[in-house]
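All chains, please: the whole structure from these sequences, using the hints.
In case you want the letters, here they are:
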Amino acid sequence: MAEQAIDRSKMMVSDEVAIQINNMNKWYGQFHVLRDVNMTVYKGERIVICGPSGSGKSTLIRCINRLEEHQAGQIVVDGTELTNDLKNIDKVRSEVGMVFQHFNLFPHLTILENCTLAPIWVRKIPKREAEETAMHFLSKVKIPDQAHKYPGQLSGGQQQRVAIARSLCMKPRIMLFDEPTSALDPEMIKEVLDTMIELAEEGMTMLCVTHEMGFAQAVANRVIFMDKGQIVEQNEPREFFNNPQSERTKLFLSQILGH
Amino acid sequence: MTEFTPFVRTDMLEQREPPAGQRGIILWARENLFSGPMNTALSLIGLVVILWLASHMVPWLLHGVWNANSLTECREIITATWGPDATGACWAMVRERWHQYVFGFYPMDLYWRPTLAFVLMLVAIAPILYQSLPRQMMWFTALYPFVCYWLLWGGTIWAPVVVLMGFGLFALVFRLLVSGLGVPVSAGLGLVAAAAWWLLVQTPLSAAIHSVLPVGLRSVDSDQFGGFLLSIVIGVTAIAASLPMGILLALGRKSDMMLVRTLSVGFIEFIRGVPLITLLFTASLLLQYFLPPETNFDIILRVIILVTLFAAAYIAEVIRGGLAALPRGQYEAADALGLDYWQAQRLIIMPQALKISIPGIVSSFIGLFKDTTLVAFVGLQDPLKGITAVVRADINWKGIYWEPYIFAGVIFFLICFGMSRYSMWLERKLKTDHR
Ligand SMILES: Nc1ncnc2c1ncn2[C@@H]1O[C@H](COP(=O)(O)OP(=O)(O)OP(=O)(O)O)[C@@H](O)[C@H]1O
Ligand SMILES: [Mg+2]
Numbered sequence: 690m691a692e693q694a695i696d697r698s699k700m701m702v703s704d705e706v707a708i709q710i711n712n713m714n715k716w717y718g719q720f721h722v723l724r725d726v727n728m729t730v731y732k733g734e735r736i737v738i739c740g741p742s743g744s745g746k747s748t749l750i751r752c753i754n755r756l757e758e759h760q761a762g763q764i765v766v767d768g769t770e771l772t773n774d775l776k777n778i779d780k781v782r783s784e785v786g787m788v789f790q791h792f793n794l795f796p797h798l799t800i801l802e803n804c805t806l807a808p809i810w811v812r813k814i815p816k817r818e819a820e821e822t823a824m825h826f827l828s829k830v831k832i833p834d835q836a837h838k839y840p841g842q843l844s845g846g847q848q849q850r851v852a853i854a855r856s857l858c859m860k861p862r863i864m865l866f867d868e869p870t871s872a873l874d875p876e877m878i879k880e881v882l883d884t885m886i887e888l889a890e891e892g893m894t895m896l897c898v899t900h901e902m903g904f905a906q907a908v909a910n911r912v913i914f915m916d917k918g919q920i921v922e923q924n925e926p927r928e929f930f931n932n933p934q935s936e937r938t939k940l941f942l943s944q945i946l947g948h
Numbered sequence: 006m007t008e009f010t011p012f013v014r015t016d017m018l019e020q021r022e023p024p025a026g027q028r029g030i031i032l033w034a035r036e037n038l039f040s041g042p043m044n045t046a047l048s049l050i051g052l053v054v055i056l057w058l059a060s061h062m063v064p065w066l067l068h069g070v071w072n073a074n075s076l077t078e079c080r081e082i083i084t085a086t087w088g089p090d091a092t093g094a095c096w097a098m099v100r101e102r103w104h105q106y107v108f109g110f111y112p113m114d115l116y117w118r119p120t121l122a123f124v125l126m127l128v129a130i131a132p133i134l135y136q137s138l139p140r141q142m143m144w145f146t147a148l149y150p151f152v153c154y155w156l157l158w159g160g161t162i163w164a165p166v167v168v169l170m171g172f173g174l175f176a177l178v179f180r181l182l183v184s185g186l187g188v189p190v191s192a193g194l195g196l197v198a199a200a201a202w203w204l205l206v207q208t209p210l211s212a213a214i215h216s217v218l219p220v221g222l223r224s225v226d227s228d229q230f231g232g233f234l235l236s237i238v239i240g241v242t243a244i245a246a247s248l249p250m251g252i253l254l255a256l257g258r259k260s261d262m263m264l265v266r267t268l269s270v271g272f273i274e275f276i277r278g279v280p281l282i283t284l285l286f287t288a289s290l291l292l293q294y295f296l297p298p299e300t301n302f303d304i305i306l307r308v309i310i311l312v313t314l315f316a317a318a319y320i321a322e323v324i325r326g327g328l329a330a331l332p333r334g335q336y337e338a339a340d341a342l343g344l345d346y347w348q349a350q351r352l353i354i355m356p357q358a359l360k361i362s363i364p365g366i367v368s369s370f371i372g373l374f375k376d377t378t379l380v381a382f383v384g385l386q387d388p389l390k391g392i393t394a395v396v397r398a399d400i401n402w403k404g405i406y407w408e409p410y411i412f413a414g415v416i417f418f419l420i421c422f423g424m425s426r427y428s429m430w431l432e433r434k435l436k437t438d439h440r
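In order, the protein sequences belong to chains A and B.
For the first sequence, the residue numbers in this note's numbering are 690 to 948.
For the second sequence, the residue numbers in this note's numbering are 6 to 440.
There could be a bad hint or two in this list.
What the hints assert, rightly or not - If you only want the chain A side, here are some residues facing chain B, beta carbon under 8 Å, derived:
#1 N754
#2 D779
#3 W810
#4 V811
#5 G845
#6 M859
These aren't lab readings, by the way, just hints derived from the structure by calculation.
Ideal Cβ positions, reconstructed from N, Cα and C, are used throughout, including at glycine.
Here it is, written out as structure tokens:
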């Protein structure tokens, strides 16, 4: 991925806040997974989150759409605070798309049905319109011809692109990615990353847990390094990779880039 | 040092038949019956057993007599035709009494009513069994229970119509409240409204309409029902009612709400811990003590309710197995897309969990259908014990032993085998995961 090939003209970061996290803490039973996390995400930002296994990256982004509940602090997504209020949770979830490591497509539905289900039932969009939107996004991820197949008939890379299209069909304002390429074979990683780059070029606000450092350098405007449930370092990518400040970051980078 | 010749294939090879002895019946027999000394020995023993059984049964079946008026006459014909030592089946009993096995003591001139109800039942379940049929047929399916009740029991047509209005009331209450109060609460209130309707308004209203507009069929009492009519009425109703109830119990067992969970677990474990016969005796005897004396709570209805509760507890456990087999990612993906709990259950979770549970659910259904013969113990005329006892009480058929059981057994087998084949077909059809 040559950096020059990417069109950064639309990847402008506005000063409107998309996600605000204040002093957020989370425990699993006695285990303190996330400790005093503070973070502001502006509209149009592409943030890459990295860190060693078990550092709480997945937990952090899963708190943003309330797949996990936080016990202290505040999370405000697009002006809506996440509390126990189910209405707010559903509102946030329909504004925030999520792509999982293991795709989590619905195996009993066709690709097209996977993409139209939520628009029809959550957004109450007429079926025909939802199908048109779905075909639009399936063409965007370059698999319109697979629309009537079932997920089990597609390759991993294709399934992950369908998962991205499925999220996009809800017209989300924010996209969360949890290691979207780490269950894929190397030759499929590129097709998924290309889709994500295209999304970034269109100005989507993205939070992406990934260890694809090439992607981070090319697309991200900010890299966050987490360890032991805390944000240890964050910087713009060039500085982050060339001039890491903390010892933990240096060690981590030497481990993943070193060989 | 080894030499090698450079090689490039220019023509591709066509597919060929495998050599003889590697295909067809000989290969099959060699692989399946005679693949080793142990297997060969077992095959031979099996063959001997089959031949021995056949040598006893085939003559008995072949000597069967269809035209006779009593067991004694049957025996005489067999002796006259096949010699003094010959044995044979007396199918004449079946020819003479089949209608009792099918209808029990239902009035003969009204046989068309259960027959019509049965044919309509096939129409009503067709769209459930075959998704390719037009969905509009489901309207008839929804109405069918009321049509069927009226055809079988007769009486005024306004009784089922007013019951139906109770369901309408439920739907209305649910519709009005669901957006404000959520699914469980509005369903509960709807149920309360419908129950009040059925208990308080039902009888006076249907009687009032009937006095103005008397439309009705001759009434048939529950104690005239019997044979396969009874089995199918109990079996089909309980099957249809136990599946949704089983689903709700399975969801209740996994609920976050302490009260719902405790009640579901308590119910399931209680029912599974008690023999069905005990529940049936409860239906026939105990309820009589607890209910106010003037209530006339139909015995078949009571049995249906208890058989349903019984089957629902087992089905709930089968479905729980299916739910447990679903990866957590399916719930998360549904949540992340913004589907609410009931949407996620209906559109994502249940279709998959039920598909996994098909073999177990159908086993429960088959068991339930066969268990309908247990109603003999509360004095109903089931096809196996009840009707057979009636037939044997006739002086003409006294002493007949195997034939009634074989006849009833064959019919049970055909129905249960049909269910089993259908479930296998359904499993193949719904297989979309391509694992
Ligand atoms: N449901 C759970 N119950 C208890 N502990 C959990 C649960 N989920 C995660 N954890 C623990 O929380 C910590 C953070 O987990 P998390 O999945 O967020 O890590 P991660 O940074 O995403 O790691 P990876 O790179 O391996 O995905 C881990 O130590 C994990 O064992
Ligand atoms: Mg993770």
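Margin query: Hint by hint, where does the structure go against what was stated? Just the numbers, ascending.
Written below: 5
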